[in-house]
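Enquirer: What follows is each chain in one-letter form.
Number of protein chains: 2
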Amino acid sequence: METEKYDVIIIGAGPSGLTSAIYCGRAGLSTLVLEKGFCGGQIYLSSLVENYPGVKSTDGATLIATMVSQAKSFGAQILENSPVTEVDLEGKTVKTEKADYSADSIIISTGNRWRKLGVPGESELVGRGVSYCATCDGPFFKGKEVAVIGGGDSAIEEAMYLTKFASRVYVIHRRDKLRAEKYVQEQAFANEKLEFLWDTQVKEIAGSGKVEKLSLENSKTNETTGLEVSGVFIYIGMLPNTEMFKGALETDERGYIKTNERMQASIKGVYAAGDVRSSPVKQITTATSDGTVAAVSAVQQSQGLL
Amino acid sequence: METEKYDVIIIGAGPSGLTSAIYCGRAGLSTLVLEKGFCGGQIYLSSLVENYPGVKSTDGATLIATMVSQAKSFGAQILENSPVTEVDLEGKTVKTEKADYSADSIIISTGNRWRKLGVPGESELVGRGVSYCATCDGPFFKGKEVAVIGGGDSAIEEAMYLTKFASRVYVIHRRDKLRAEKYVQEQAFANEKLEFLWDTQVKEIAGSGKVEKLSLENSKTNETTGLEVSGVFIYIGMLPNTEMFKGALETDERGYIKTNERMQASIKGVYAAGDVRSSPVKQITTATSDGTVAAVSAVQQSQGLL
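Quick note, the sequences are listed as chains A and B, same order.
Numbering (the numbering used here) for the first sequence: 1 to 306.
Numbering (the numbering used here) for the second sequence: 1 to 306.
Take these hints with a grain of salt, some might be off.
When chains are identical, the list treats them as one kind, so a pair holds in a single copy or across two.
With a straight-line cut-off of 27 Å between C-alpha atoms, the simulated DSSO-like cross-links for lysine-lysine are [said to hold, decoys possible]:
(1) Lys-193 / Lys-5
(2) Lys-182 / Lys-72
(3) Lys-36 / Lys-56
(4) Lys-36 / Lys-246
(5) Lys-72 / Lys-56
(6) Lys-144 / Lys-164
(7) Lys-95 / Lys-220
(8) Lys-72 / Lys-142
Simulated from the structure, these hints should not be mistaken for lab results.
Computed from a predicted model, the values in this text were never measured in an experiment.
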């Protein structure tokens with residue numbers, strides 16, 4: 001297979017990767033973006049984005065479509081449905097099923113993903129009532145009762161979104177208070193369709209062919225109960241998408257890639273940006289900033305300045 | 001004078017300050033933004049912004065107007081024409097001519113400014129060929145001849161960046177050698193599109209409606225010449241807008257405020273965000289990211305989490 005040569009290869013087409021593509025393309029670097037599925041990253045599924053500065057109330061898909069069109073207008077090549085099958089960060093080569101690529105620099109923007117509960121029934125019933133995305137699957141639960149697992153911002157925001165469809169939304173949290181922002185909490189406690197089950201853990205998701213019942217355990221009383229629901233939405237934390245780089249780069253204790261303030265990872269010519277990078281806050285703004293800085297570094301590297 | 005109390009006071013209403021206001025307001029903090037002039041910061045003057053992700057070709061004023069409306073929609077109070085006359089960062093009190101304010105946290109987003117040449121035509125032609133940012137405006141000069149004023153690292157790096165677009169880049173420096181680092185110089189001297197004019201000062205920037213010509217003077221021979229260019233990029237140094245905090249906070253050697261990755265400055269409850277902060281890249285994206293992180297920190301502080 002012939003190897004196609006680019007100045008920079010960007011792995012992952014969420015907000016950080018697309019921003020890197022905008023900046024690299026605009027600076028005249030030949031730029032390839034490899035995306036395993038479709039462009040967008042996690043924000044693609046958000047039905048309402050109201051806190052991205054400079055864009056008054058939009059949705060994730062619209063925001064991403066604009067970023068894609070900006071990146072393309074500056075000459076970046078974006079390949080969807082192109083999962084990386086092999087990568088050599090030292091040698092700067094990347095393979096997909098269709099082709100081999102090489103570059104002077106690689107920007108990793110593969111993002112992160114939701115953690116699984118790891119209880120019986122979870123994997124078996126994914127897509128049959130078990131979901132990690134209220135925006136995708138909420139409308140399937142019109143007039144039904146569902147549960148949300150978790151107590152952070154995402155859990156509560158998505159629970160509130162689900163009240164648009166479900167007749168009742170149980171929020172099941174293993175602690176006795178929420179981690180979500182105060183503003184979010186106030187909104188949640190005022191919502192009559194939400195019901196909170198505190199100090200509660202899910203032991204099993206049961207049902208024949210589709211979700212029918214949760215087995216719950218109260219961690220203070222050890223009491224076990226059953227809860228009949230048609231859907232369960234799981235929001236209990238996130239994992240970085242770093243499997244393909246395992247062991248090759250320095251990471252923090254949770255597996256996120258460590259960089260300096262120029263987004264340089266522990267191998268020269270390799271940069272990390274966005275949700276996959278070790279950082280305290282993960283928002284669209286922090287992703288686009290990371291993507292900008294990684295791109296500026298790649299440009300400086302191409303001119304022998306870094 | 002009575003003291004008005006807020007949860008957070010943000011000093012400066014550019015992209016970073018306004019983003020902090022959006023995030024603080026949305027999180028339910030009472031938020032005051034004090035702006036010495038009008039909202040916008042440096043980006044306000046940009047006539048075309050095409051690399052802010054998610055917004056397809058806009059201008060600085062439009063982008064800022066949207067951010068202002070977002071911040072107001074979440075309850076932030078923004079006071080323009082309200083220069084801070086006195087500030088006590090330890091005590092978290094801020095005075096303007098009109099009122100006294102106090103808060104639990106202060107976010108400093110006062111930005112920086114280019115040192116001006118101070119020659120006729122400079123102010124009049126800003127945004128019409130006079131620029132202080134090659135990364136922002138370089139692509140507008142494809143196939144044209146431009147000049148860069150200065151001899152430091154920034155001047156030379158930006159001049160090299162401009163060679164990607166311009167047909168010729170004159171580097172005009174008042175001394176007979178560069179201040180830039182040696183390896184930067186080597187790259188520069190090897191670049192055939194760069195032409196160096198030594199011992200040369202700009203006396204005037206001329207043009208009707210847009211930059212057309214520079215009047216130059218050789219400081220050794222006193223000879224005066226004209227140079228036809230379409231753009232002039234001025235890099236004779238930047239200054240952080242930190243005068244009002246002099247000595248109160250740790251800064252880097254150039255006077256920019258040092259923070260950790262949560263944007264915490266060296267006094268508890270004080271955060272810095274955007275161009276005033278010590279950081280390697282300064283773009284709208286990096287400013288909105290800083291503003292986001294500073295706000296998230298202020299919110300966490302208000303909940304006793306930081």
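Enquirer: Next step is simple, just say for each hint if it's right about the structure.
Expert: Each hint tested on the structure:
1. Lys-193 / Lys-5: between (55 Å within a copy, 25 Å between copies)
2. Lys-182 / Lys-72: Between copies only: 19 Å across, 40 Å inside.
3. Lys-36 / Lys-56: between (30 Å within a copy, 25 Å between copies)
4. Lys-36 / Lys-246: Close inside one copy (17 Å), not across copies (50 Å); limit 27 Å.
5. Lys-72 / Lys-56: both (23 Å within a copy, 12 Å between copies)
6. Lys-144 / Lys-164: within (11 Å within a copy, 56 Å between copies)
7. Lys-95 / Lys-220: neither (50 Å within a copy, 51 Å between copies)
8. Lys-72 / Lys-142: For Lys-72 and Lys-142, the Cα distance is within 27 Å only across copies (18 Å; inside one copy 39 Å).
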